[in-house]
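For the sequence shown, full-length UniProt numbering gives the first residue as 1, with consecutive numbering after it.
No wet-lab data here; the hints were simulated from the structure. Treat the hints with care, since some could be wrong.
To be verified - Label-pair ranges, simulated between beta-carbon atoms:
| no. | residue 1 | residue 2 | range |
| --- | --- | --- | --- |
| 1 | 255 | 40 | 34 to 44 Å |
| 2 | 275 | 63 | 39 to 49 Å |
| 3 | 42 | 257 | 29 to 39 Å |
| 4 | 193 | 49 | 13 to 23 Å |
| 5 | 213 | 263 | 13 to 23 Å |
| 6 | 257 | 213 | 14 to 24 Å |
| 7 | 53 | 193 | 18 to 28 Å |
| 8 | 253 | 100 | 48 to 58 Å |
| 9 | 217 | 184 | 18 to 28 Å |
| 10 | 41 | 252 | 39 to 49 Å |
| 11 | 62 | 252 | 20 to 30 Å |
| 12 | 19 | 100 | 25 to 35 Å |
For clarity, every value in this text was computed on a predicted model and none was experimentally measured. We treat Cβ as the ideally placed atom computed from N, Cα and C, and that holds for glycine.
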Amino acid sequence: MTAEVVGVRVPPRTGSHDARAIKVVLHRELLRFANDRTRMITMLIQPILWLFVMGTGLGTLVRGVIPGIDYRTFMYPGMISMTVIMTAMFSAGSIVWDREFGFLREMLVAPVSRGAIVVGKCLGGAVVATAQGVIILALAGLVGVPYSPILLVTLLGEMFLAAFSITAFGVLLAARMRNMQSFFGVMQMAIMPMMFLSGAMFPLANLPSWLHVLTTVNPLTYAVDPMRQAVFGRLDVPAQVNAMLNPGVTWFGWRLPVIVEIGLVAAIGAALLGVAITQFRRAE
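Given only the sequences and the hints, what does the whole structure look like? Please build it.
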């Protein structure tokens with residue numbers, strides 16, 4: 001007697017399946033973040049220490065040199081960026097965690113494109129990082145930044161764009177890695193120099209030529225500067241102080257408009273997303 005072989009039909013991949021996959025991955029990232037209060041707190045400690053401890057200490061050194069403004073006000077956009085960037089990178093690193101515990105393989109056998117999984121991961125990381133940055137936004141009044149609705153909405157949009165680009169970069173790094181220790185090592189090696197060279201903690205005016213070049217080629221510079229320009233646009237500071245602390249990014253003497261900087265961040269994020277999807281397809 002011949003046993004009948006039952007065929008298995010795999011449903012085709014469609015746009016609706018991919019859209020649902022993006023939604024599911026995004027929802028999972030939000031649930032993971034909401035249930036991890038330790039992560040929420042630890043991701044805030046470093047920027048708050050930099051802002052209120054380091055900012056206060058440095059402010060005593062420049063109090064007579066930069067009149068009319070608290071140095072913590074200058075550092076505030078940089079600390080927003082630090083919060084968003086570190087949270088986004090940790091969100092991207094969860095791919096390595098999922099790979100170690102086998103959950104990633106379960107997602108990969110689903111009838112959805114791997115690009116949809118990456119897009120969902122990047123959107124989830126961006127939303128989580130932006131939500132974390134909102135907590136730093138709530139501290140604006142403590143460092144002399146006004147609670148202007150237009151300013152807050154502008155910063156939210158810029159935070160989300162920066163977070164999406166950084167999450168795409170993190171997914172690109174995590175696509176081939178097999179353990180969390182390797183990912184965190186590479187993350188620190190890549191992110192910390194970029195953070196220090198972004199102008200988050202020091203003005204971009206009157207830098208040595210070699211340091212000016214490094215800040216100009218650093219992608220994070222173009223994420224931090226629009227936030228600083230948005231903040232300084234709502235402050236009443238002397239023109240000389242504004243030129244010293246908020247010089248913008250210049251290319252051969254031309255100061256880049258904010259819209260160009262935002263466009264660069266968006267283009268870099270799109271390119272990183274495309275490379276991340278390519279790497280993710282080859283990873284398993």
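### Query
So which of those numbered hints doesn't the model satisfy?
none
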